[in-house]
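**Student:** Spelled out, the chains give:
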Amino acid sequence: MVESASAEATREFLMPSLGADMEEGTILAWRIAPGSRVSRGDIVAEVETEKAEMEVEIFDEGVVARILVEVGQKVAVGTPLALIVSRSPAASRPATPQTAAPTPPTPEPRPRPAAVEAKPAPPPVAPALTRERKRVTPLARRIAEELGVNAEALRGTGPSGAITADDVRAAAGAAQQPALAPAPAPDREASRQRVIAALMERSKREIPHYYLGASLDFSPALAWLEARNRSRPVSERVLPAALLLRAVALAVRAAPEINGHYQDGAFHASPALHLGVAIALRGGGLIAPAILDASEKSLDELMRSLRDLGARARAGKLRASEMSSSTLTVTNLGDNAVDFVQAVIYPPQVAIVGFGTPALRPWLDREGGLCARTIVQATLAADHRVSNGHRGAVFLKAIERALLAPERLA
Amino acid sequence: MTKDAARALLEEIFGRFAPEVDFGAIDAAADLREQLDIDSLDFLNALIAVHERTGVDVPESDYAQVATLDAAAEYLAARTG
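As they're listed, the protein sequences go chains X and U.
Numbered according to my numbering, the first sequence terminates at residue 411, and the numbering increases by one at each position without gaps.
Numbered according to my numbering, the second sequence terminates at residue 148, and the numbering increases by one at each position without gaps.
Among the hints, erroneous ones may be present.
Stated by the list, open to error - If we take Cβ atoms under 10 angstroms as the criterion, some of the chain U residues that face chain X in the derived model are: (1) Ala-72; (2) Leu-76; (3) Ile-80; (4) Phe-84; (5) Ala-85; (6) Pro-86; (7) Glu-87; (8) Ile-93; (9) Arg-100; (10) Asp-109; (11) Leu-111; (12) Asn-112; (13) Ile-115; (14) Val-117; (15) His-118; (16) Ser-128.
What the hints assert, rightly or not - Label pairs and their computed distance ranges (CB to CB): (17) Ala-92/U x Val-395/X: 49 to 55 angstroms; (18) Ala-72/U x Pro-234/X: 22 to 28 angstroms; (19) Pro-35/X x Ala-92/U: 50 to 56 angstroms; (20) Ala-72/U x Lys-398/X: 50 to 56 angstroms.
What the hints assert, rightly or not - Just some of the chain U residues that point at chain X, by a computed CB distance under 7 angstroms: (21) Met-68; (22) Asp-71; (23) Asp-106; (24) Ser-107; (25) Val-123; (26) Asp-124.
Since the hints were made in silico from the structure, they are not lab data.
No experiment lies behind these values; they were computed from the predicted model shown.
Even for Gly, the Cβ is constructed at its ideal location relative to N, Cα and C.
Generate coordinates for the entire structure from the input sequences, incorporating the hints supplied.
**Tutor:** This is the structure in structure tokens:
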């Protein structure tokens with residue numbers, strides 16, 4: 002069945018998963034309307050999850066035929082949000098083959114997300130999934146533990162038959178309570194903290210962390226940076242934090258086994274480095290959006306990305322691709338007067354790099370002479386299912402090498 | 068720019084990074100970053116805004132002279148004439 006190259010194809014634009022912990026999202030605003038032309042990378046909607054508000058990009062080209070989900074509606078990950086009519090047949094996910102008219106497409110052989118009205122019986126779980134352990138979302142797993150429900154025994158109504166928090170609550174009889182009006186909107190900070198809690202619990206439950214640390218002489222790199230900044234206007238100055246990101250990006254080449262995801266019982270190394278940066282939000286909350294393709298960026302580009310990410314994180318303007326794609330995370334507590342941080346890995350990532358606050362310390366130079374140096378403690382927490390201490394040490398050593406030759410960091 | 072005007076401008080700019088802070092209640096002679104709980108990235112962004120608004124570019128070597136609200140207002144007033 003070959004479609005002619007000029008045939009129109011209708012595709013569904015789906016609620017994306019903006020992180021391993023996301024089950025559903027609320028449309029805050031549409032940036033498109035029927036008739037809008039979209040191309041790959043365009044921001045088409047603003048979505049709120051339990052964790053953050055963010056901007057969602059589209060990865061199709063075409064014309065918007067119909068908006069399926071209105072502003073204010075909360076829907077599960079995988080729910081069709083809009084229909085896009087495209088002339089190019091080579092694309093992500095055809096909706097209804099051979100159907101040009103923007104009618105609501107027949108669902109693919111997967112269960113409809115829970116948010117949509119009840120169907121007589123959910124279709125069977127996709128065959129591909131029956132071979133594997135049932136997918137239970139992290140939130141659902143946590144709630145199941147709290148309520149004493151065997152989550153694996155349930156029938157999932159989430160995308161691809163995943164068992165969601167709602168399935169667990171329903172099974173626990175929580176749904177027997179009279180259907181109340183929607184609960185008062187939980188405090189956003191509390192809700193964000195619950196998301197972090199679920200993710201960190203999962204991390205500590207599933208990931209056998211090992212920890213390494215090294216005290217690094219930061220003085221040569223700082224002196225180099227200071228001299229470089231001196232001739233620049235304030236808007237082009239680079240912070241030590243960006244220098245450390247650059248050193249990490251270079252060091253990853255020496256230890257590719259800390260960059261990627263551990264999923265379905267196996268490690269998948271990532272060819273690209275999407276470097277998550279932990280950002281503390283004002284009034285509490287933590288978010289770790291990614292600098293995409295960080296290893297392709299120069300020091301100045303990394304600094305620009307860092308500034309941009311920080312500003313948008315606080316304004317709730319992060320993009321979906323930034324929230325879901327980190328392959329390695331850095332947490333920098335350089336402003337907090339702590340010596341070091343032993344961080345918790347963000348699943349499904351397999352490592353997190355930490356930096357403490359650079360501080361003036363007594364040090365011995367190569368000849369054994371006592372001197373004062375600015376020392377920064379670099380730490381690595383990594384997944385022992387994937388790498389071991391020796392490889393982790395190679396990575397930290399590579400960071401040290403990078404910092405001792407700062408002119409190569411530009 | 069008078070020192071009062073400089074202080075008002077600084078409060079407006081830094082207030083963007085610390086929206087919940089009541090500038091009337093902070094100690095103008097104590098470390099500004101600490102009192103506002105802002106990091107080096109926010110601080111840099113605030114100085115970029117100061118540069119855009121006043122043309123005054125604070126070099127890194129002068130950061131010690133703009134560490135408190137009082138000192139920063141004085142610094143700015145002196146350089147804007």
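**Student:** Does each hint hold? Answer for all of them.
**Tutor:** Here is how each hint holds up against the structure:
| no. | hint | result |
| --- | --- | --- |
| 1 | Ala-72 | violated, 21 angstroms |
| 2 | Leu-76 | violated, 16 angstroms |
| 3 | Ile-80 | violated, 13 angstroms |
| 4 | Phe-84 | holds, 8 angstroms |
| 5 | Ala-85 | holds, 7 angstroms |
| 6 | Pro-86 | holds, 8 angstroms |
| 7 | Glu-87 | holds, 7 angstroms |
| 8 | Ile-93 | violated, 16 angstroms |
| 9 | Arg-100 | holds, 8 angstroms |
| 10 | Asp-109 | holds, 7 angstroms |
| 11 | Leu-111 | holds, 6 angstroms |
| 12 | Asn-112 | holds, 7 angstroms |
| 13 | Ile-115 | holds, 5 angstroms |
| 14 | Val-117 | holds, 8 angstroms |
| 15 | His-118 | holds, 5 angstroms |
| 16 | Ser-128 | holds, 8 angstroms |
| 17 | Ala-92/U x Val-395/X: 49 to 55 angstroms | holds, 51 angstroms |
| 18 | Ala-72/U x Pro-234/X: 22 to 28 angstroms | holds, 23 angstroms |
| 19 | Pro-35/X x Ala-92/U: 50 to 56 angstroms | holds, 51 angstroms |
| 20 | Ala-72/U x Lys-398/X: 50 to 56 angstroms | holds, 53 angstroms |
| 21 | Met-68 | violated, 18 angstroms |
| 22 | Asp-71 | violated, 24 angstroms |
| 23 | Asp-106 | holds, 4 angstroms |
| 24 | Ser-107 | holds, 6 angstroms |
| 25 | Val-123 | violated, 9 angstroms |
| 26 | Asp-124 | holds, 5 angstroms |
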